[in-house]
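J.: Line by line, the protein sequences give chains A and B. For what it's worth, this note's numbering labels the leading residue of the first sequence as 1, then goes sequentially. For what it's worth, this note's numbering labels the leading residue of the second sequence as 1, then goes sequentially.
Keep in mind that the hints are not guaranteed to be accurate.
Label pairs and their computed distance ranges (CB to CB) [what the hints assert, rightly or not]: (1) I52(B) to R95(A): 31 to 39 Å; (2) L44(B) to E107(A): 49 to 57 Å; (3) I46(B) to K97(A): 30 to 38 Å.
Calculated from the structure, these hints are not laboratory results. Quantities reported herein were computed from a predicted structural model and do not represent experimental measurements. Backbone N, C-alpha and C fix where the C-beta goes; we use that ideal spot for every residue, glycine too.
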Amino acid sequence: MINQGFSTGPLPNEQQLIAAAKRDFRHFEPLYDHYYEQIFRFVYRRSDDEALAADLVSQVFFKALGALTNYQYTGVPFGAWLHRIASNEVKKHYRNKGTKKIFSLEERQVKELIAVEADGDLEDKIAQLVNFLKELDEEELHVVELRFFEEKSFKEIAYILDMKESAVKMRTYRTLEKLRQLFKLNVND
Amino acid sequence: MTKYDIRIRRESFSKGRIERHKDFKKFSGMYEQKRTKNSLSRLLLIIITLIILITVMYFGYFKVKEGPEKQQDTPKPTISLIVRGDANLG
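All chains, please: the whole structure from these sequences, using the hints.
T.: Below you can see the structure in the form of structure tokens.
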């Protein structure tokens, strides 16, 4: 997994905090503080625009706070619920704007992913990986992103993408295999 | 033409830069404002709906009280056919 450098796990007393925030939105602050960076990085990766990411993140927390009374713990952390809202907000943004979807990946994280997947010159591999990622379909790209850049569990990814956990696992392995094959083919050429 | 624009960032986004956008006080203020605005809009909508409903019921009541409308005694138009001349009808 790629080291994010910030906490991605749930807060220790998260369910109590959620219950308190349901009663009074001012108690939402610890949750907002804890998840802000995670959600910002996720939205920024999909937008590559700081101001736009800040706007979309505000929208995400507005929506989350508005729908908090409907939130029920079903074994999936609160962070996954926020990611699902964020993912939908980003989708909505691109649908309204009608532009090409952006995936802005950090070189450091890509290098870590490539080091796992292949040997050889990293700079070349990065360029190759970018081209290979373009060949993936949207679902495959999202699975790779959530698994390797967001460090989400299969269960969380299933919740965020509204898929079955077994389907997510299958998708992840197939996508990695696809990338491996593409690298192999490129080496042989 | 690909569906995505995949970009590689050399620099990672610093925590400090993200912190600049994080402001719960501002966020909660905006949320409260939006909530108040939404509540007012909802209240206004309820009032308008009630006014429409009361108006419809009020006029409906009088219409029922008055009974069915009387039919006007207007003379029915008559059509007269005048056959002139010595047309052979038989």
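J.: What hints, given by number in increasing order, does this structure fail?
T.: No numbers; nothing is violated.
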